Amino acid sequence: DGGITQSPKYLFRKEGQNVTLSCEQNLNHDAMYWYRQDPGQGLRLIYYSQIVNDFQKGDIAEGYSVSREKKESFPLTVTSAQKNPTAFYLCASSIAGLLNEQFFGPGTRLTVL
Amino acid sequence: GIQVEQSPPDLILQEGANSTLRCNFSDSVNNLQWFHQNPWGQLINLFYIPSGTKQNGRLSATTVATERYSLLYISSSQTTDSGVYFCAVEEGYNQGGKLIFGQGTELSVKP
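Residue numbers (my numbering), protein chains in the order written: chain F, 8 to 120; chain U, 1402 to 1512.
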């Protein structure tokens, strides 16, 4: 089955702890993205990567970090510097370049206690 | 940056009714997508439609890029159509494919 997987589905962490969210795709897409969704809101871009070993900050990158060591994987770390980390996190991928449709994973709900 | 506005914010329909959802954007765009977010949070791709008209079953969409708006039509609505509908646009060139999302239209279809 081709698609995008995210794990875990639900994640609970204590305040002050770093946590890493997984995103894997087997669509052979070059570009990958991380978005954050707060209740009743649209999605906002955290980080994106168009090619392995390269990534750029999105609109709300503060308190987050990413890596892109493999084409299939784009993990997101929510650090203790992120002031309001409780949210729904969605990963997406697309063929790199212009005019390409993005596809989304099922998301991870992070709750920081 | 580009602004994306969706209307109405909420919509309640009786099963079988038709509806039109609107997405306005403030600048020219390269890409426009419509998504349906189901109750479990999954974003389902409905249309990739930077311009023109497309149809898929009971759903159709039209984007008039020169006038900076897109419309999503839902005909003969079913309870499974309930959820939040998002419009998202990609602005300009060399933006890395970033999508800017509207706030969504929350649709509730009653049996």
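Think of the hints as simulated: they come from the structure by calculation, not from any bench.
A few of these clues could be false.
[To be verified] Label pairs and their calculated CB-CB ranges: (1) U:Lys-1455 with F:Thr-93: 20 to 26 angstroms; (2) F:Thr-84 with U:Gly-1402: 23 to 29 angstroms; (3) U:Trp-1441 with F:Asp-66: 35 to 41 angstroms; (4) F:Thr-93 with U:Lys-1511: 27 to 33 angstroms; (5) F:Gln-24 with U:Ala-1418: 30 to 36 angstroms.
The structure displayed is predicted, hence computed values, not measured ones.
Backbone N, C-alpha and C define an ideal beta-carbon position, used for all residues, glycine too.
- Query: Of the hints given before, which are not true for this structure?
  - Reply: 1, 3 and 5
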